[in-house]
Amino acid sequence: MTEEIIIAGFGGQGVLSMGKILAYSGIMQEQEVSWMPSYGPEMRGGTANVTVILSDERVSSPVLHSYDTAIILNQQSLDKFEEAVKPGGLLLYDPNGITRHPERDDIRVFKIEAAAEAAKMSSTKTFNMIVLGAYLKINPVVDVENVIKGLKSSLPERHHHLIPANEQAIHRGMEIVKEARLAAS
Amino acid sequence: MTEEIIIAGFGGQGVLSMGKILAYSGIMQEQEVSWMPSYGPEMRGGTANVTVILSDERVSSPVLHSYDTAIILNQQSLDKFEEAVKPGGLLLYDPNGITRHPERDDIRVFKIEAAAEAAKMSSTKTFNMIVLGAYLKINPVVDVENVIKGLKSSLPERHHHLIPANEQAIHRGMEIVKEARLAAS
Amino acid sequence: MGELRLMKGNEAVAEAAIRAGVDAYFGYPITPQSEVLEYLMLQKPEERTGMVVLQAESEIAAINMVYGAAGTGKKVMTSSSSPGISLKMEGISYIAGAELPCLILNVVRGGPGLGTIQPSQADYFQATKGGGHGDYRLVVLAPASVQEMADFVDKGMELAFKYRNPVMILSDGLIGQMMEKVELPDQKERVKEFDQSWVITGKTKDRERNIITSLNLDPDKQYQHNMRLKEKYDSMSDDVMYETFDCEDAEFLLVAYGSSSRICQKAVDEARSRGKKLGLLRPITLFPFPDAIISKLARQVKGILSVELNTGQMVEDVMLAVNGRVPVYHYGTPGGKIFSPDDVLKAIDEKLMGGY
Amino acid sequence: MGELRLMKGNEAVAEAAIRAGVDAYFGYPITPQSEVLEYLMLQKPEERTGMVVLQAESEIAAINMVYGAAGTGKKVMTSSSSPGISLKMEGISYIAGAELPCLILNVVRGGPGLGTIQPSQADYFQATKGGGHGDYRLVVLAPASVQEMADFVDKGMELAFKYRNPVMILSDGLIGQMMEKVELPDQKERVKEFDQSWVITGKTKDRERNIITSLNLDPDKQYQHNMRLKEKYDSMSDDVMYETFDCEDAEFLLVAYGSSSRICQKAVDEARSRGKKLGLLRPITLFPFPDAIISKLARQVKGILSVELNTGQMVEDVMLAVNGRVPVYHYGTPGGKIFSPDDVLKAIDEKLMGGY
Amino acid sequence: MDIKEIIKPENLVHQRTSLMTDATLSYCPGCGHGTVHHLVMEVVEEMEIQEQTIGIAPVGCSVLAYDFMDIDMSQAAHGRAPAVATGIKRLWPDKFVFTYQGDGDLAAIGTAETIHACNRGEDITIIFINNGIYGMTGGQMAPTTLEGMKSSTSPYGRDLQSMGHPLKITELVAQLPGTNFVTRQAVHKPGNVRKTKKAIRKAFEVQREKKGMSFIEIVSNCNSGWKMSPNESNVWMEEHMFPSYPLGDMKVDGKIVKDLMKDLV
Amino acid sequence: MDIKEIIKPENLVHQRTSLMTDATLSYCPGCGHGTVHHLVMEVVEEMEIQEQTIGIAPVGCSVLAYDFMDIDMSQAAHGRAPAVATGIKRLWPDKFVFTYQGDGDLAAIGTAETIHACNRGEDITIIFINNGIYGMTGGQMAPTTLEGMKSSTSPYGRDLQSMGHPLKITELVAQLPGTNFVTRQAVHKPGNVRKTKKAIRKAFEVQREKKGMSFIEIVSNCNSGWKMSPNESNVWMEEHMFPSYPLGDMKVDGKIVKDLMKDLV
Amino acid sequence: MGKMRGAIVVDNERCKGCEVCMVNCPADTIAMASEVNGKGYHYAYMEKPETCTGCANCSIVCPDGVITVYRVKA
Amino acid sequence: MGKMRGAIVVDNERCKGCEVCMVNCPADTIAMASEVNGKGYHYAYMEKPETCTGCANCSIVCPDGVITVYRVKA
Ligand SMILES: Cc1ncc(C[n+]2csc(CCOP(=O)(O)OP(=O)(O)O)c2C)c(N)n1
Ligand SMILES: Cc1ncc(C[n+]2csc(CCOP(=O)(O)OP(=O)(O)O)c2C)c(N)n1
Ligand code: SF4
Ligand code: SF4
Ligand code: SF4
Ligand code: SF4
Ligand code: SF4
Ligand code: SF4
Ligand SMILES: [Mg+2]
Ligand SMILES: [Mg+2]
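Residue numbers (the working numbering), protein chains in the order written: chain A, 1 to 185; chain B, 1001 to 1185; chain C, 2001 to 2356; chain D, 3001 to 3356; chain E, 4001 to 4265; chain F, 5001 to 5265; chain G, 6001 to 6074; chain H, 7001 to 7074.
Hints are not guaranteed to be accurate.
Listed below are the simulated DSSO-like cross-link pairs for lysine-lysine, each with C-alpha atoms no more than 30 Å apart in a straight line [to be verified]:
| # | chain 1 | residue 1 | chain 2 | residue 2 |
| --- | --- | --- | --- | --- |
| 1 | E | Lys4211 | E | Lys4150 |
| 2 | A | Lys80 | D | Lys3221 |
| 3 | D | Lys3044 | E | Lys4211 |
| 4 | F | Lys5210 | H | Lys7073 |
| 5 | B | Lys1125 | B | Lys1111 |
| 6 | C | Lys2302 | D | Lys3221 |
Chain E residues, not near chain D, derived (Cβ > 12 Å throughout) [unchecked claim]:
| # | residue |
| --- | --- |
| 7 | Gln4015 |
| 8 | Ala4083 |
| 9 | Asn4119 |
| 10 | Leu4146 |
| 11 | Pro4155 |
| 12 | Lys4210 |
| 13 | Lys4227 |
| 14 | Trp4236 |
| 15 | Gly4254 |
Simulated from the structure, these hints should not be mistaken for lab results.
Bear in mind that the values here come from a model prediction, so they are computed numbers and not experimental data.
We put the beta carbon where it would ideally sit given N, CA and C, even for glycine.
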């Protein structure tokens, strides 16, 4: 199994740390992982993205130009990465702020109202965990318990009290994700 | 015609400028010339030497390890360069301060008491011109008139009054040079 | 098994340095490698092992601090990225000339000039041929993973002391900034005994004074010094390291190092899945260069493509190893743009297999 | 015929600079090239042509003064020797990246490190492969006489402006310190008109502002910039210069540049006089390298010896040009020791003609 | 009176100078770099010297200054702006040449170039943004970082013993005979902005008269590096930066006008 | 009394310290470098710290200092001795580390390293030989060359306008909080030699107590570069160098003890 | 007489919402919009237009130079 | 009583004839030899040995450290 994922959105949305948690979870489940961010002043512009690869084998290229899964959190990223999903692949997006919705019909597209939900849960910090939950629902590349293990070993002790809220958010994400359109094929 | 000369002695003996005058004279007589000094801290040690080449053709290597003529002004230089004279070549030396005289018998050896003569002429500055005169007597690679021309174009105007004394020294050198020993062959 | 962590390449270097018992790090911030200094500072290495970490006023000061400290026999390192490494050229030449061990990490970015902070492999020549003056060479290690970023700290130090020569880890922004799983080595003790035949720790009664210098005013001595260095550099071929992928039956060969080799691995997998007999040779040491194996493979394959994030540098060493036996091509994107496995496959079709 | 003088190579450069209408020289003393700055200062060039001559606080300051002044479209130069040139590496990479014309003289001495002040050719790699970071190249001219030291100032400036690229005159202590006859060119006027498409002389109403920079944060732009540079460097092959001696019927070939080529000329004369069919190819431009002619001669000769005052640098370019057709060897003395024509002849017998 | 009646061209009091380009500034919200950029261009506009002005952008957050100022500019290697400016000015003595540099650029890696350009009395203007940190590279310690101040390379606060002291380079260059006008200003409040603009104007006048180096330090915020909101950072700056870097003229018309020794020790 | 009766081991008053090697000094006759070398080694001998002392030779006439001093030494790249010393001292805080540098080395190319090592308060000693010229390379102008003074790169005399001013770097570093002891001395006369030796001793004591940088400038002759006989050069030095570089302590125990501003302006 | 009335125009799309103008307005004219602009910033606007004296303080401290100030004698 | 008598020994071969000792001897003891040493230098010697007080001034200013000084109470 090799899963190649791009997560893309605004700087403040927790894109990088979501990728990191995913990667850490992979390690917990004895997978090989890589996490490759965009970096530098391009981030000043406000966008951020990270490529995460989880695999049972040694990860070859950490840089990809096509992906099994794209997790998209703003319009710019949708414009940039929709075409990069492999045929038959998966696109998960938060429709908040999206004006042009995904158009491809050779991939599976899922919608997750994570921003709205996070606002409801009045904890914007868990936004990215809701998204992660949604993704794991559709494609359980890692077990939720390994995500929690990952959180435990990546977060400093003093932040461990936040873990239950995160777990809750993951489950919430699993509940509210909706398939927007099935792949045509 | 190509004449390859090494001039070697103490720092203060005018070794480099003698070479320069010789090279300038060559230019005056439309020869190709090169002048290659030893330089750098090795000169602090007190020795100085310069390789001068006069030729009718383009000068190839300005660096030589054997010479047609060696003009030697101290013991160290004699030790260093006696062996480097080509068989049949010429060695000219000032015996002042020399404890071990030249020994080779396959070259022509000339003696010039230039230091003593310069002291007599009470003009130590012309020492190197006496040596030059001696050399030109034995091997007239350049005409004395071209030496004078060379002096004129290399010396700044304000030093031109010194030229007659230099000319005189050259002639004196021509007079007092003595063959020490003929080459055996 | 050692401790497992998810780390950036730059962080892995820093953590590995502490664990390898490195005595000192001197550096100056520059993207994409500032995490090395930042991570070290955060770790209070003075408490963990007594390691000294100092932010210098410039890259020039940093490399000369390394030179000073290395002369005392300690394990010392610095890191920077391309423009900063250029500033260290004089110092590196001095360290090589004085035969001091040390470790220098270059997390390469795109140039020339200020360029871009994106990954690049355009400092290959500088690292392997000597960007500074004079006949000197660095041992150059090219990590292709975060794990190797960690591993090469200790390995590099070992080679640095073995040869009393600066060792460069030639990485790039991709390896420096990405996170992977790393297995961290256990903490090593810092060394307490120093080789009194050359270190300057104060002249004790029982030995002659030691001098660290690269100056030889006597041309003969300088000549002998250089010839001895040359012999040393030649002897480094003992420590050639490389890795092969699918080379046994390969008809065509890719040669790529560091981040490029990762991308090429995927290209090879892809090509194989399409039935093409492609192999990959990854030089791990760029100097000494693995020319023997390339020369050997040149007898087997029909053509070789050197794949680099630059306009063509390592390809020259590949050609020198191949010496005309088969065609050698270059594919690369310079200036911070990273090719994808697909780009490589296209280049293979166009350049390498074009004639077939 | 121009004015004839007996001059040191370094002085010839300085005098030629004034006569070529060079606008500015920025430098820092270092043996064996301090005469350039000294000669200029003595000449009061500010009175002769208005040329600006400034002793900078360091080589780094000097190269950055050159960068600044070059951006205004003026003819600017600097000079140094090996350790000082290493310090200029970052600046040179910037100048190449920003595509500015300028002239840099390296009067090479033996290294690495402080080394020796005697002549050497051990900075060949640094000059031709780019000792600084990133994919850039310098035009490298290798004078073999004092006359060429003078001539290459104007020639170098011409190429610098033709390609908007730094040009390096790669000389050494031998050519810099020796005196020969020089025919000096007539005084050129300093240029008064500047190419308003790129110079920064103040944005006038009738044009857009001009920017001198090597920064391209956008990887695509940086990529395009680098590819354009690459094309430029490739196009420089138009300006390849070399000289051949006795090559018509040569069975064996020496390749040597600069001071080495002078010594080799004598070796060729000597070999010919002994009936050996030896020829000499002297690259005048080291970049662009005269590979076409070497490749051609490789079809004719039985073997090639690259003769250099180093442990083997240009030999790699010779091998790349020959591409395995005939054996290529290296002979050299590093570190300030100069071989004699006899040494070369011995090496020819041992290495080149050894098998015959 | 209706707003619309006020907003008429004839009632214009202040607007962005046309010498700033249309590009959006790359600085973080509230960063003083932008304010200083506008001031420099306002002075160039008022003196009508756009055609004679050449600027040098450093390596630092203001590396892209040339995208924002509508004048000929050269980017310079990290720390070398004063050398670059020297090269230009020596060849174009009648142009107005200024460098724009950060504290890392000017007081760390560029120390030698700063001191020597000042000491030579180059007829240029150095505009020196002291924000006590390396903004561009992500908030590392600068030579001017205060005692105890946290940065990404002094995460537990600057420790004087191991990391050295905040460097008051402006007090040093004020003492060099080559400097004519040396001052320290700020731009976080309108009054300071006005003074800074006057200082910049004076600096360019000094240049016109070829009286030597004019050097303007501007103590500024780096809210990203300091991890504060812009207004918090400005308050923090007044409370913490100004005591160490007191505002005011240090040298005017070649004469020291302040007890520098007191500020230094 | 016969000379032979005086010349007996028990009557010995002064001789070359055994910490100087037998190598003949490479300096020109009468050059102050030699005198200072002896003094440094005398202090090391008297303090019995040969085993703990590490010296740094610069690039300059004293590049070969390691041939003459019988202690462990490192040669350093031009201008970088303070960085090299920092590297050593940080790892061996209990050793005595000193640099020995010329004015070109320390105040031109090495300005940044000098200022920052002083500013960090490294516990090292800098011995700074100011002879107003680049001796080693053949008498070029140094940052400290006096106004109107001739050198091979200022053949018509140093022109302040185009070549900058004599740089009083010692007055500058005295003002940095990292320096503890800063003084300017000479060695051309017995009285000066004695004072210089005391200063060197004090510097090493400061180091022992880890109180920060000790910095000793020694105004010295370069008869070769100045083109004078040794004694002429010493007279010329008193007449011309001392007014610009007045002798005496500037900072003792971390306190400035002199009106530096007066000397600077 | 002599009293000044002013008004400012904020280039909403270029405003970065830093609030520096707001705290430096002596007349307390400015507040930050609750909406965000295209870049996601809450831009400045005249909350109390009647208080503005046209002193230009806001405009000269605005790092992004996005305020234009007008003034008339009231 | 209390008057000192001194003597110096110059290492002739290492003396560089710089004359610095000579001008700094308060007793005018030292002069330069008319002969030269192996390096060509006129070396220093006690021209008036009787005047020497053993003050060591010559020895501490000698750049080459070639003077050894002895002293006794006369
Ligand atoms: C030679 C070199 N070293 C380091 C860097 C990395 N670098 C870029 S900007 C910078 C410091 C910027 O700080 P400062 O000068 O204070 O400017 P600010 O960003 O705070 O305005 C550094 C270290 C570089 N580009 N080049
Ligand atoms: C990088 C570099 N630049 C220049 C030189 C040449 N150089 C050698 S010594 C020296 C100056 C020496 O002057 P100073 O420091 O005053 O020492 P002094 O010889 O007067 O004692 C210079 C410029 C060098 N060796 N390395
Ligand atoms: S990082 Fe700091 S200095 Fe840079 S733009 Fe942001 S606030 Fe300004
Ligand atoms: S050149 Fe000057 S400084 Fe150097 S040894 Fe001679 S007198 Fe001394
Ligand atoms: S012009 Fe003055 S009063 Fe009006 S909003 Fe701006 S700061 Fe406030
Ligand atoms: S100061 Fe400028 S950018 Fe900041 S909030 Fe006000 S108008 Fe917007
Ligand atoms: S010891 Fe004193 S008195 Fe005797 S020779 Fe020396 S200086 Fe003169
Ligand atoms: S001072 Fe020393 S070297 Fe000079 S003359 Fe006297 S004894 Fe000789
Ligand atoms: Mg800053
Ligand atoms: Mg000096």
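Hints versus structure:
1. Lys4211/E / Lys4150/E: 40 Å, violated
2. Lys80/A / Lys3221/D: Status holds; Cα separation ~18 Å.
3. Lys3044/D / Lys4211/E: 24 Å, holds
4. Lys5210/F / Lys7073/H: Not OK: Lys5210/F and Lys7073/H at ~43 Å, beyond 30 Å, violated.
5. Lys1125/B / Lys1111/B: 20 Å, holds
6. Lys2302/C / Lys3221/D: Measuring from Cα to Cα gives roughly 35 Å; hence the hint is violated.
7. Gln4015: 21 Å, holds
8. Ala4083: Ala4083/E not clear of chain D: closest Cβ-Cβ about 4 Å, inside 12 Å.
9. Asn4119: Given that some Cβ of chain D is not farther than 12 Å from that of Asn4119/E, nearest at about 9 Å, it is violated.
10. Leu4146: 29 Å, holds
11. Pro4155: 28 Å, holds
12. Lys4210: The assertion about Lys4210/E holds, with a minimum of 15 Å to chain D.
13. Lys4227: Correct as stated: the minimum Cβ-Cβ distance to chain D is 24 Å, above 12 Å.
14. Trp4236: 30 Å, holds
15. Gly4254: Fine: 22 Å to the nearest Cβ keeps Gly4254/E off the interface.
In this structure, the earlier hints numbered 1, 4, 6, 8 and 9 are contradicted, and the remaining ones agree with it.
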